[in-house]
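Chemist: Could you slot chain B onto chain A? The hints should help.
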Amino acid sequence: MDTILSTSDTHSKQGSEGGDVAALVSSLQLLLPASSIIISTESQRPFECDGLAVYQQLPLVTVIPETVDQVQAILRLCHLHRVPLVPRGAGTGLCAGAMPHAEGVLLVMSKLDKILHINQNTATATVQPGVRNLALTDAAQPFGLYYAPDPSSQIACTIGGNVAENSGGVHCLKYGLTVNNLLQVTMITIEGQVIILGGEGLDEPGMDLLSLVVGSEGLLGVVVEAKVKLLPRAPRVQVLLAAYDSVTAAGDAVAALIGQGIIPAGLEMMDHLAISAAEDFVKVGYPTDAQALLICELDGTDAEVEEQLAVVSQCFTEHGAHHIRIAKDAAEAEALWQGRKAAFPAVGRISPDYYCMDGTIPRGQVGYVLTRISELSRSYGLRVANVFHAGDGNLHPLILFDASVDGELQQAELLGGDILTLCVDVGGTITGEHGVGLEKMQQMPYQFGDAELAQFRRLKAAFDSEELLNPGKGIPTLKYCQEYRSLQHG
Amino acid sequence: MDDLTAQLEQQIQQAYTTKSPLKIQAGNTKAYLGRDSSGEVVDVANHSGVISYSPTELVIRARAGTKISHLNDLLSEHQQRLPFEPPSFAGEATIGGTVAANQTGASRPWFGGVKDSLLGLGLINGYGEAMQFGGQVMKNVAGFDVTRLQCGAMGSLGLITDVSIKVLPEFKTGHTLTFEMTAEVALQTMLRWANLSLPITGMSHLQGLLYVRLQGGDSGVASASEFLGGEQLVPKVAKEFWQAVREGRLLQPQHNQILWRWSGSSDAPIHALPDTSLINWAGSERWALKASSSTPADGLIQYQGGDRLAEVYGAISAPQQALQERIKHAFDPHRILNAGRLYSWM
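If you're matching them up, the sequences are chains A and B in order. Here the first sequence stands for residues 0 to 489, numbered as in numbering that gives the first Met the number 0. Here the second sequence stands for residues 0 to 345, numbered as in numbering that gives the first Met the number 0.
Only chain A is shown next, with the shape it has when bound in the complex:
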C-alpha cells in the first residue's frame, strides 16, 4: 500500500514552489486517510501516463479518494488554492487525456467502485464512476441484462472514464455509445458544487447538459455517480466471417449491407496485416490469404436472426466474399471474435511499438482512405495495420514503429497526423472514440474554425473559469491556435 512520504521524498518535489507542495499535502492529509495520498516518485510512477504511454508526466501528488465527500473536498481544496486537477479512471485512455499535470493533483477515481443499484424492472443501473465496464455487465448478467458500450479495454476501463470519453466499442453500431446509454450523472464542479444532469426519465426539459458532459474529457467536472441503461440479452447471437480479396470490395459490401436496411450488432473489418498478426497470435482459423476480413454479429429473436442471416450471407457473397464462415455455436462465435479483440496485442507482437489512431470517415470513403493510408505508409516507410469498426466508419490504423530507432516515433506521429487530416478532408473527424486529450491538440484547429474553438473555450470557462480541470487538454488555447494559423499561412 502506498503511504505518505518521508521528508526526503517531499524534498525532491521542492523547488521554488516546494512550500506550496508541502502545504497542499498537509491540507490533503486533513481530508483523506494516509493510504489515499501518494507522493513518492516511485509510487506515483504507475500513474504518470494513460494508455498512450509516449506522453508521461508525474503529478505533484496523486490522491485516491474512497468517498464522494472526499472527492468534493479535494475539488474545493484545488479550487481554493488554484491547483490544477486531472481526473483519472483506470488510465486505459488512448489520447493522454489522463496524463497528470506537473503542478497538479491527479484524482484517481478507482476506489469509488460500488454498483449501487441494479433495477431489473427498468433495466437500469446506478453505479459509482470507478466501476469497471465489464464488472457492470457481469453484475447485470443474473438479470438477463448487460451494459451495451464495450470498448476493447472493457475488462479494465471504468464507467467514469467511459463517460469522460464517450466510449464506444464493437457493438455501438446498433446500440450506441456511452451518450446513448446514459440517463443521469451526478457531477461535482471545480467549486465543489453537486449538480445532477439528466434524470430518472428519458428526456428532461431544457438544454441537454448531460450530453455536453459526456465526452468532455474531465474538463467540465468530475462525475461521482452515473445511472445507465441496461439492455436485455438477445435470445440469439450469430457471428459470421467473410473474406475478401481487397479492402475496397469489403468496404463496398459494408455499404451495400447497410443500404439494404440491415444494422448488425457489430460489423468489424481487418486488413491483411492485422489478419495475419491476429491469426499468428490466437490461431482461430482466419483465412490468412485474405486481403480483408469482415466479422459480422447479428442478434435478436431466432426468427429475426434467421431472416437477417440469409440477407447478410447473400449480400456478402454478391460483393465478392470468397469465403464465408458461419459460427456453429457460441464457442466458435467467441473464437471468431477473439482474433479481432486480440488484434492490438497481436500487432504488438510483430513490431516493437505501435501507435493506434482513431479517425472516423463516411463509410463510402473506406476504400479511398485505406488506399491513401497505404500510400502514406509506403512514403513514410512504416507499416500500418488496419483494424476498424467498419459499420460506423471508425478507423483504427495501427502504425508500426520502433521507438529505439532514432526519429521513428516522430515519423509515426507525423504519419498519424497525416491520417487524421485525411479523415477530416473526406468529411470525417480526428477522433471517433478515443478523445483529443493532449495527443490530437494539433489537429483540432484543422477540424474546427476559430469561432468554434472560441465557443469551446467560453463553454469551458462557464464550468471552470480558472482552467483548473485537466488544463492543456481537449481544447487548444487561443495562443496555440494563433501559432497554428500563422504556421499554416506562413
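Everything labelled a hint here was simulated from the structure, so no lab data went into it. Keep in mind the model is a prediction, meaning the values are calculated, not measured. Careful: at least some of the hints might be erroneous.
[Unchecked claim] Below, in silico cross-link-like pairs of lysine to aspartate or glutamate (DMTMM-like), each with a Cα-Cα straight-line distance of 20 Å or less:
1) B:29 - B:310
2) A:228 - B:115
3) B:171 - A:301
4) A:173 - B:115
5) A:327 - A:306
6) B:171 - A:306
7) B:171 - A:305
8) A:228 - B:266
[As the list claims (entries may be wrong)] A few chain A residues that don't get close to chain B, going by computed Cβ distances all over 10 Å:
9) 40
10) 78
11) 138
[Unchecked claim] Here are some, though not all, of the chain A residues that point toward chain B, as calculated from beta-carbon distances under 7 Å:
12) 122
13) 167
14) 205
15) 258
16) 359
17) 363
18) 393
Even glycine gets a Cβ: it sits at the ideal position worked out from N, Cα and C.
Modeler: Positioned in the frame of chain A, the structure of chain B alone reads:
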C-alpha cells in the same frame, strides 16, 4: 430551398449591436411550448432544403427550415425513416424546431430521442457567428458536444441553421395490438414486456386500453404478435393513434386546464402523477389534464396551457441555474436569442 445563412447571421449581428431581443421562428407549430417570449421575429422558414442525403451512409443533412413531412417523404422513397419519429404538425413542423424543442414520438424508449440521432449541426450564436459542430459521421468526440446541447434548449443558445441526422431503415412490417386493462395493470405489463427482446416500438395506455406497436421484420413481428396476443387494430386507426400520441393531440387542455407532463422512472407507481390520463413510453412519460395549477413535483412540467409566464419547466437547483446562466452567457452574452423562452432568467 435557399441558403439564407448570411442573412440570418446579419440579422443576429445587428441585434447583438443594438442588444435587441429576437424570436426564432420557422413553422410556428410549437408556440404553445415553453414560456412566452417577445422580440423581433427571425424567420427561418425559408432557410430550407436538403443539403445532402446518402442512403448508404444513413445520413441526411438539411437546413433548419426543412419540413419534417418533406424529410419523411424523401426518406420513405429510399425505405428509410427518422428514428425518433418527430411530430410533423399537419406538415408544418421543421427539423430545426424539432431539435430545439426536443420532439420525439412513441418509439423514444427503443430508438432514442433527438440527441441519439443527431450527428452535427450549424449554429449561429448570440454574437452572430455561424459555426459548425459535430459532423456527418457516426462517431465523433472531437471538442465539446455543442450539437446535443441544443436539444431542448429552445433556441436560447443559438439559431440552428442545419442539422445532420442518422437515419434508419424503414420497418418491413408492423401492426398495433390492444389489450383491455387498467392503468395499474398496464404499467406492470409494460415493464415486463419492455424487458423482453421483442420488436416493440410503442407502448401507451389510454382510457382502459393498452396499445402495443410491433415493428420490424416479418417473422420477428409475427412471432411477437403471437406471443403477446391481444386485438389487432385496423392499420388506419393505429396510424392515427400513434400520430396523435406524437403530436400530443390525445389530451387537449380546455380554457382553464393545464396539460401536465411527468417524466421519470418507468416503474414509479401510478400515483406519481395524480389523475394520469395517458401513459406513454412504456411508463416513463405520463400526462394529466387538470383544472388548476398542480403542486410542483420532480419531473413535472406545465406542458401546455395555464400561465405561460410562469416557470413552466419547474424549479432547478441554485448551482444548476448559475451554471446554465453562465452557459447562456457563453453563447449569447446580451441575452437576445429567445430570451425567457426556457426560464424567466435565461
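Chemist: Which of the numbered hints are not met once you compare them with the structure shown?
Modeler: No hint contradicted; all consistent.
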